[in-house]
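Protein chains: 2
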Amino acid sequence: MSTPEPSPTPKAIKPRRFELITLGDELLLGLTANSHLTFIGGQLGRRGVQLARNVTITDEAGAIERQFRESWAGADVVITSGGLGPTCDDRTREVIAEVLGQSLVFEPIIEAAIMERFNRFGLKTLPPNNLKQAYRLEGGDFLPNAHGTAPGLWFEEAGKVLCMLPGPPNELQPMFTEQVLPRLAERGFLLSGEAYVQLRTAGIGESELEARLQPVFDAHGGAGEDGPLSVAFCAHAGQVDCRLSSPSGLLTSEQLQAIAAQCEGLLGEDFMCYGEASLAKVCVDLLRAGDKTLAVAEAGTGGLLTSEFGEICGVAKCFLGALVCNSNEAKVTLLDCPECLISQHGAVSAECAVALATGVAERLGADYALSITAFSGAPCANERGNEVGTIFVGLHAPDGVWARKLSYPGPRRTIKTRAVNAALDWLRRELVRANARSAEGACLI
Amino acid sequence: MSTPEPSPTPKAIKPRRFELITLGDELLLGLTANSHLTFIGGQLGRRGVQLARNVTITDEAGAIERQFRESWAGADVVITSGGLGPTCDDRTREVIAEVLGQSLVFEPIIEAAIMERFNRFGLKTLPPNNLKQAYRLEGGDFLPNAHGTAPGLWFEEAGKVLCMLPGPPNELQPMFTEQVLPRLAERGFLLSGEAYVQLRTAGIGESELEARLQPVFDAHGGAGEDGPLSVAFCAHAGQVDCRLSSPSGLLTSEQLQAIAAQCEGLLGEDFMCYGEASLAKVCVDLLRAGDKTLAVAEAGTGGLLTSEFGEICGVAKCFLGALVCNSNEAKVTLLDCPECLISQHGAVSAECAVALATGVAERLGADYALSITAFSGAPCANERGNEVGTIFVGLHAPDGVWARKLSYPGPRRTIKTRAVNAALDWLRRELVRANARSAEGACLI
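If you're matching them up, the sequences are chains A and Y in order.
In this text, residue positions in the first sequence follow UniProt numbering: the first is 1, and each later residue adds one.
In this text, residue positions in the second sequence follow UniProt numbering: the first is 1, and each later residue adds one.
Hints may contain errors.
Note: identical chains are not told apart, hence a pair may lie in one copy or across any two.
Unchecked claim - Pairs of lysine to aspartate or glutamate, DMTMM-like flavour, derived with a Cα cap of 25 Å: (1) 132 to 241; (2) 14 to 65; (3) 160 to 107; (4) 281 to 311; (5) 160 to 70; (6) 405 to 116; (7) 132 to 206.
What the hints contain is simulated information worked out from the structure, not anything from laboratory work.
Produce the complete structure using the sequences and hints provided.
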């Protein structure tokens, strides 16, 4: 695996404080995930800006006023989402105009756009409550909305930017990438290119990872808040991400990529990929690179391993299929797992994991197969002295078949997720070695 | 299906201001969704409290200090998540202790718990950076963590509560429900029971649902902000929830449950369940009630239908297994789907959906089977004049086997989710009728 393509060194930007205010009772009541934070935070992060703060508040006028006043006083850029709709609980435009001492002026272009939208849906007259969406701040601009009635609003004062966006994600997202990002970049508030390098690792803990990479960080002036290099770790179920950036702009993106390549070299097989790919995606890429196929058999994990492959585009060519066997009959009928093997060693055993991996590989004609066997019964189920968290995974490869016992503490869902990741990581390491061997073989020829 | 157990009428609570501070660069950079807001907001909402504000900040010391100082000054309850880990960017404990003028004291019980955890993983010595997790605020308490090394921290002063929780959701969530909610309820900060009744429906749109239920709402003084009854709708991928509450406290929980029962009566088969159960869970309950079994076959949906059953406790007894067939060979070899049927009608066809449902039911000896066939190729794949969003679902029941064509607009992921929900809802309605028929049969005998 090679380092990502070098992108042109982004010009340094003056650090500015960005705040995002997200409005909505449905967010505070946990009924809807705050996708605006994920989206806007991600978009800004890729352009060298980390949101300083995201505040989620109710759509009540007093809450909007207090929060906007505070954020506008301290930040350089304030982005709001929501509260621009036609109903009586949409108050963002009016409240913020008042805080800024701006009057709202009627904008015929917006009215015409709303009218045109209503006509397209076969409506002939504009409901009066939609009319309030045709107003912009006196000293500001508006951002046309191709996917809804509420335009975004834009306002600048004393070097600060305010940007008010509509709440529905399918309206906010294109408006943000197509209109807001270019406007911010024009004013020098964003980098012109990507701003950080992320290494993703598997099978190594956060503290061990930090310790292993420390020599690289030290060689580049340490990974402190004030140094040229900034390092952040993020752990999730058997994977740890390490993100390298240079908020001060002292390191160019080529230098960051060179540092990342040194880290990769130190990590060996524990290095998984650059960026955001999942373990399953990395495995699929390795399978494709080696022109190999995969099958999966699961017992007791209810399709969790299989579903990791579900969202990978065009996966069907190398991922031939999967069997989720909840009953022993299914293992026997569908995968030729010998009945006596199950009765002698148990359904959750190394022997059974091996039989399932081989069975599904042979049935589907796959080069590789992963199997996983776990207790699927009640949380208290306990059989043959194995603890509840015990899981066996099996790996069938062209040169052999093996099983491993895994044991994790924690709730069932966590145990299964970790086991699935451990199984995928085992396959990944096997594929890395196999691809390396065939590359060596190719060199010798 | 019967109404939920009546719980004691929750005592009214004095309104208090709850703020949640979520820490983490990964949230602000959009790398991780803010699941803590969704979880904690939802849990508090069910106990009659709406979060006043959620603030997400970086894990930088200055940001934690500024935000905590501000939130602690204005709120009655401040909950923080994250920054209690062992690495150098975990600073919450230290910074907040300083703001509160509290010293940190070493707690041997926490050290022993961390030690014990490390021993279980086969580690004999405690890494020095884990030691800082063994400290609590001088005047405060700690919340044991059964799923990780960082305990939660609890502190009370002048009627205010501070609760600091670890960042990983699998650690935070059980700590919140098992320790934080009871502590807050004891102090009268939360209702003692659920604050609302939720009806979940399937296969009916939001506006139609509202119109159907309006007579019930009207009979109880309407569903306005000022009336005794408050009604909220929430739609998600083919399901609509209707939540009944009485913020004024004028209706007791028994009265709310009686109103919900009237709604249930009006809805007939469109009523799915009370509360939060998934379609798959409702199907499993109906299968268990009728002592029947289910199998699943998927082609082109990558295990999405199967994974709906994965998290249901003890599902293995009635959900016998599933096959995810990405290749036509898998359909032929494993499910006896005739090759000529695929070549004549196509892999995405009513005929193939029927063959897969029957095949998996017979192979696994299941009473019911659901199948689903969709295009799994590139997003532009198009075959036999079917649009890309076309999906066929098949249902095998003891008294017959049928297929249905579904067609949805939108991105692939949305289409698949809607198709999976439509398939499950079809099975649900079939099971409701079958169970009703056998109940009638039992009455006649």
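Hint by hint, here is what the structure shows:
Proximity of residue 132 and residue 241 under a CA criterion of 25 Å is satisfied inter-copy only: 23 Å between copies versus 45 Å inside one chain copy. With identical chains, the CA atoms of residue 14 and residue 65 are at most 25 Å apart between copies only, with a shortest distance of 24 Å across copies and 28 Å within one. In this homomeric assembly, residue 160 and residue 107 come within 25 Å of each other (Cα to Cα) only inside a single copy, at 23 Å, whereas the closest approach across copies is 48 Å. Taking the shortest Cα distances, residue 281 and residue 311 sit within 25 Å of each other both inside one copy (9 Å) and across copies (23 Å).
Both within a single protomer and between protomers do residue 160 and residue 70 lie at most 25 Å apart by alpha-carbon distance, with minima of 14 Å and 23 Å respectively. Within a single copy, residue 405 and residue 116 get their C-alpha atoms only as close as 56 Å, which misses the 25 Å cut-off; across copies the closest is 21 Å, which meets it. Within a single copy, residue 132 and residue 206 get their C-alpha atoms only as close as 51 Å, which misses the 25 Å cut-off; across copies the closest is 16 Å, which meets it.
Violated hints for the displayed structure: none, as all numbered hints are satisfied.
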